[in-house]
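Enquirer: Starting from the given sequences, assemble the full structure and let the hints guide the process.
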Amino acid sequence: MATKTEPVVAAGFIIFRKIQSQPEYLLLQTSYGQHHWTPPKGHVDPGESEFETALRETEEEAGIKKDQMRIIENFQRTLNYQVNGKPKRVVYWLSELRNPQDHIKLSDEHTDFKWQQLDSACNLAQFPDMVELLKEVDTYLQANKEQ
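Going by this note's numbering, 10 is the number at position 10 of the sequence shown; the sequence numbering is gapless.
Any given hint could be a false lead.
[What the hints assert, rightly or not] Cut-off 27 Å, straight-line C-alpha distance, at most; resulting in silico cross-link-like pairs (DSSO-like, lysine-lysine):
1) K135 / K66
2) K88 / K41
3) K88 / K18
4) K18 / K65
5) K86 / K105
6) K135 / K145
[Stated by the list, open to error] Label pairs and their in silico Cβ distance ranges:
7) N80 / Q34: 32 to 42 Å
8) T5 / S49: 14 to 24 Å
9) E136 / F51: 16 to 26 Å
10) D45 / N80: 14 to 24 Å
11) G47 / N123: 37 to 47 Å
12) S21 / D108: 16 to 26 Å
Bear in mind the hints are in silico, worked out from the structure with no lab data behind them.
Note that the structure is predicted; figures quoted are calculated from it, not measured.
Every residue, glycine too, gets a C-beta built ideally from N, C-alpha and C.
Expert: Encoded structure:
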């Protein structure tokens with residue numbers, strides 16, 4: 001009897017800041033694999049909620065603490081995809097960096113970071129599901145400008 005492989009679970013934040021009322025998205029370049037660009041995220045540790053993971057990983061990978069972000073609690077999305085033939089599930093929340101000038105402090109898991117408007121962010125992100133998520137976030141932000 002075949003058993004279904006449990007997905008690896010990760011969590012993170014899509015972080016944006018507003019520069020002249022335009023959202024810019026934070027992407028980090030990994031120091032491993034294909035050096036792809038991704039929002040801060042990481043694997044859920046035993047006993048940790050997905051939201052706790054998102055907060056911890058964002059602080060570890062980008063140096064951004066919870067009190068530096070305005071978390072948009074009604075926006076949460078999950079991406080499901082395969083990594084090396086194994087299922088992975090990543091839960092993302094949306095947050096705004098309260099001070100657009102806050103310093104980003106990378107961990108050794110990343111070599112670079114960029115704040116990018118939607119089109120450039122999509123070009124960097126490359127993976128179709130992440131591109132779609134960034135577009136969905138941008139549409140959400142345009143529709144909820146009062147936030």
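Enquirer: Which numbered hints does this structure break?
Expert: Result: hints 3, 5, 7, 12 break, sorted rising.
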